[in-house]
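Protein chains: 2
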Amino acid sequence: MAKQKKAPRPRAVTPKGFRDYFGAQVTERAEMLNRIAGVYHRYGFDALETSAVETVEALGKFLPDVDRPNEGVFAWQEDDEDGKGDWLALRYDLTAPLARVYAQHRNDLPTPYRRYAMGPVWRNEKPGPGRYRQFYQCDADTVGSASMAADAEICAMLADTLEEVGIPRGDYIIRVNNRKVLNGVLEAMGLADDEERSAAVMRTIDKFDKVGEAGVRELLGKGRLDASGAYIDGVGLSDEQIERVIGYVSAKETTASYLESPEASDTSGEVSTELKLQAEYLRSDSLPDSVGENRLEGQFSLLNHLHDLVADSEEGKKGLDELAEVADLLEAQGYGPDRIVIDPSVVRGLGYYTGPVYEAELTFDILDDKGRKRQFGSVAGGGRYDDLVKRFTGQAVPATGISIGVDRLLAALREKGRVGGTESGPVVVTVMDRERMADYQAMVADLRNAGIRAEVYLGNPKNFGNQMKYADRRGAPVAVIEGGDEHAKGVVQIKDLILGAQIAENATLEEWKERPSQVEVPRDDLVAKVREILAAHGLDAGGRAP
Amino acid sequence: MAKQKKAPRPRAVTPKGFRDYFGAQVTERAEMLNRIAGVYHRYGFDALETSAVETVEALGKFLPDVDRPNEGVFAWQEDDEDGKGDWLALRYDLTAPLARVYAQHRNDLPTPYRRYAMGPVWRNEKPGPGRYRQFYQCDADTVGSASMAADAEICAMLADTLEEVGIPRGDYIIRVNNRKVLNGVLEAMGLADDEERSAAVMRTIDKFDKVGEAGVRELLGKGRLDASGAYIDGVGLSDEQIERVIGYVSAKETTASYLESPEASDTSGEVSTELKLQAEYLRSDSLPDSVGENRLEGQFSLLNHLHDLVADSEEGKKGLDELAEVADLLEAQGYGPDRIVIDPSVVRGLGYYTGPVYEAELTFDILDDKGRKRQFGSVAGGGRYDDLVKRFTGQAVPATGISIGVDRLLAALREKGRVGGTESGPVVVTVMDRERMADYQAMVADLRNAGIRAEVYLGNPKNFGNQMKYADRRGAPVAVIEGGDEHAKGVVQIKDLILGAQIAENATLEEWKERPSQVEVPRDDLVAKVREILAAHGLDAGGRAP
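Protein chains in written order, with this note's numbering: chain D, 1 to 546; chain H, 1 to 546.
Read the hints as simulated data drawn from the structure, not as lab findings.
You may find that some hints are simply not true.
[Stated by the list, open to error] A few chain H residues facing chain D, derived, Cβ under 8 Å:
{"id": "1", "residue": "H41"}
{"id": "2", "residue": "A103"}
{"id": "3", "residue": "N107"}
{"id": "4", "residue": "A149"}
{"id": "5", "residue": "H307"}
{"id": "6", "residue": "A311"}
{"id": "7", "residue": "Y352"}
{"id": "8", "residue": "D439"}
{"id": "9", "residue": "V456"}
{"id": "10", "residue": "L458"}
[To be verified] Stretch-level coverage of chain D by chain H, calculated; a stretch enters the list once three of its residues show a Cβ under 8 Å from a Cβ in chain H:
{"id": "11", "region": "74 to 85"}
{"id": "12", "region": "152 to 158"}
{"id": "13", "region": "325 to 337"}
[As the list claims (entries may be wrong)] Calculated Cβ distances over 10 Å to all of chain D for the following chain H residues:
{"id": "14", "residue": "D86"}
{"id": "15", "residue": "D93"}
{"id": "16", "residue": "G128"}
{"id": "17", "residue": "T142"}
{"id": "18", "residue": "G190"}
{"id": "19", "residue": "R217"}
{"id": "20", "residue": "E331"}
{"id": "21", "residue": "Y385"}
{"id": "22", "residue": "P426"}
All values derive from a computational prediction rather than experimental measurement.
For each residue, glycine too, the CB sits at the ideal point set by N, CA and C.
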């Protein structure tokens, strides 16, 4: 009989750009999100979990008459007899579904509506190293309030959140700016009605970190030869216009040096004095009397700039007023510049927002791939956007909110030793006599009833070496052994695997003899002895080092 | 100028068959899953979170040469220059991804590998009332162990899990059966090599609840006229064959009446005696001496049946031996028939499994849509399946596991009052004077710092009635009011909204006067007074009734 040709075996791989998370990678993230949810809840935010799938129509950005409207998203068409099924897609963020939910349920939801959402989002982009097509987001937004109090609240909540998950005060800073200030600068430059050149200026500002002040000057003026030798056309601004932009972007440098000065971290006594002064100053156009020559020089000379830069622009002045209002509100709640600063240099993402914008940066140093020191950088950002549900209802609804970069924050916590690396595996009860499996199961039941993480070896027990290799791979702190002799005597052997590993690595013969890593105890003392060993290694019953 | 025609507004709706979860719907599920994860962790199971998206090839079931292989799943083709991109799909369960992960990482994973997974899965099916196309699953599986100890462990863990989330002992029962027993019955009927008729018998068994014993007899024999008048062809079995099947399926009835008998719930003293007797009995073919005439009649006459029904079938005997081994192991861990019973009547899902199968049922009554009493029914099920990774590697790997119906279990907990309905909203601080927003923010900051869930009203404060309506919609237990007069006097008004609602509904005029629902306290006593009111209503700082 001819052998039937078999189909080739499927490849066991994740799709490109997707990944799996194992063990602590899952539980550490879950714990962090749980803590964050606790803070959000305390602030009166309610959980919302939308489905992963939305209609392409509701997600927006895509044209329904395009054959396959999946630019940037994973999309497919519903089955339908006449081939006219809806196009569906995986959500690419948590804000678009919020807009849909608010438009759909606005009559049943409280107004303002404070909600938080946590979960994966999907992007149909080219994957790269460390760039995945599915990742977590964690958002909090207040919909339906135009009050600056909503923005101040989000900033305060963000500070509380970072501390709650384990970033100590001093290791982060939240910077607040306002989109209207930049609009004011553009207006003062005479670009209020020139959308094209305004956009070009914003794009150029975003390149500041890359090309520096001289590069920005060139790009705003006549143009510039880039690294590859190609000529980039300039925006064609006048020298005076260019000075205004430079004044604006150089604010960033000024603020950075200010934040590193001793004054910025001197928060003894009145922690919020400085914010109060900032607020006063933002309302006037000269330094408050109470600010001495040498004090707060950087920050205040920066603010001084801004009053000049926005000149007579009403929008610019409104932006400075809004900044002042946010500063006042934060001051009233006791959030000083050791946690939150008004910082007009924040430019990232400005294009999307309509009022206040905020960004949380971690200020401690890490080593990059090449071993160079650099600041950890941004872990969260957000701001006010007022067109949330207008697409659906025609009615503008003000909204403001924050998105935390879950993977980046988790990486920061690992960097600071706040999560990870300290959880051992379960206690492993080995199987010496397969006929007595019931006895071994009874042992793990005793251990578990005492809250101790424990398991019996369920592989083929013939080769004892394999069992010890298994315990090693599981990261087990303790192995329990009960052969026929032990059983007859009513005892068990308890092997301290952590101590055993230390001894194997370092010990002299004397130490080896003095500190036996294996002890025999009566079966009835099993739980007590295991608990004692875990405690000696600073582990709780779950195998965690608290 | 002609008005430009605008695109129609998008509809703000979820796609058909999808839904959103709000507030407590999200947090209650998260809390339940968190508790379940705690039990799984204690049993040595490790978390695994795979991506929502898999290649259609890895998911299996689908032919790569079909134009659009999305039968039952949501699938799409990757963009690719030559149109030959991979087909991707949303996972339809958590087992298929486990198979892929184990095949992909088997050299790095411990063997056996115990893992749990929780998350949404997607089915491209026609939605119906209460039937959604995205829902949660919660699985635990042990891969790489052929030992019955792995199955016994899963059953024990399932019992612990149900109690941990709040189903009290006595309100659930876990039934264990073995696929090989039914195979043995089929073999004894002479159908061992007749796959077609074996499958027809299994399908018929599944219809027992619907058509009853007489209906099953007809369907196994000559055929049957169904309710619509259509004639259903019979399987064409002999009378003797039919008797064997009836003997098997009627086991269900026998067991049910047994479980309702006083003996079944009499678990004083040796809780597990019965399982031990069951195990002894499964190994022999007569009643153990220790079993009296009247005791355990139903259960043991059932087991008596089975020895007869499988006759000389080696597979059937193996199945009974495996059942006995599981019973022994559970007995050793103290799991008596008040929690877990060997029950050969479990037929559901047998087609998929190769050895032990188990099912958790909640035994308390609920009222159905029509007000009739019925048992809550199944909330979890699972069993042993040995072809998990064979598709990928060619190597058979034994595995056994359980899947909890998350939505059903949550519904059961709501039914029992274990979750839901007891969480109030946040304390709402109203805004009497919008210029003093900073003061109100300071109040909520004080409340939050004391751990009390609190928020300031962020809508337009002009109409005070709207603020109180908002507090009502938020389910706020307390509202705080500070107008200009109060501010001048350094006091705040605190309104007990729960008491207020009670008084509004029931109180006489005297009570109204005696129990004022609004009190004035010094601003400094705000936190203490709010805490006192929450405590008086049995609420903790988060607004929950513990």
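Regarding the hint that A103/H lies at the interface with chain D, is the smallest CB-CB distance below 8 Å? This hint holds: A103/H lies near chain D, its Cβ roughly 4 Å from the closest one there, short of 8 Å.
Taking the least C-beta to C-beta distance, is H307/H closer than 8 Å to chain D? With a closest approach of 23 Å, the H307/H hint is violated.
P426/H and chain D, when compared Cβ to Cβ, separated by more than 10 Å: Violated: least Cβ distance 4 Å, not greater than 10 Å.
Within 8 Å of chain H's CB atoms, at least three CB atoms from the region 325 to 337 of chain D: coverage verdict: Satisfied; 6 residues make the cut.
Since D93/H was said not to touch the interface, does its Cβ keep a gap of more than 10 Å from each Cβ of chain D? With a cut-off of 10 Å, D93/H remains clear of chain D, as the shortest Cβ separation is near 15 Å.
Beyond 10 Å from every chain D Cβ - status for E331/H: Per Cβ check, E331/H is inside 10 Å of chain D; nearest 7 Å; violated.
Once the shortest beta carbon distance from A311/H to chain D is found, is it less than 8 Å? violated, 28 Å
Per-residue hint verdict: Y352/H, partner chain D, C-beta under 8 Å: Hint violated; Y352/H Cβ to chain D Cβ min 19 Å, cut 8 Å.
According to the definition I'm using, a residue is off the interface if its beta carbon is farther than 10 Å from all beta carbons of the partner; does R217/H meet that for chain D? holds, 40 Å
When the nearest CB of chain D is found for H41/H, is that gap smaller than 8 Å? holds, 6 Å
Tell me whether the statement that chain H covers the region 152 to 158 of chain D is true, taking a Cβ distance below 8 Å and needing three residues at minimum. This one holds; 3 residues, not fewer than the three required, reach chain H with a Cβ under 8 Å.
Regarding the assertion that G190/H does not contact chain D, is the least Cβ-Cβ distance greater than 10 Å? Holds, because the least Cβ-Cβ distance between G190/H and chain D comes to about 26 Å, which exceeds 10 Å.
The structure is inconsistent with the numbered hints 3, 5, 6, 7, 14, 17, 20, 22, although it conforms to all the rest.
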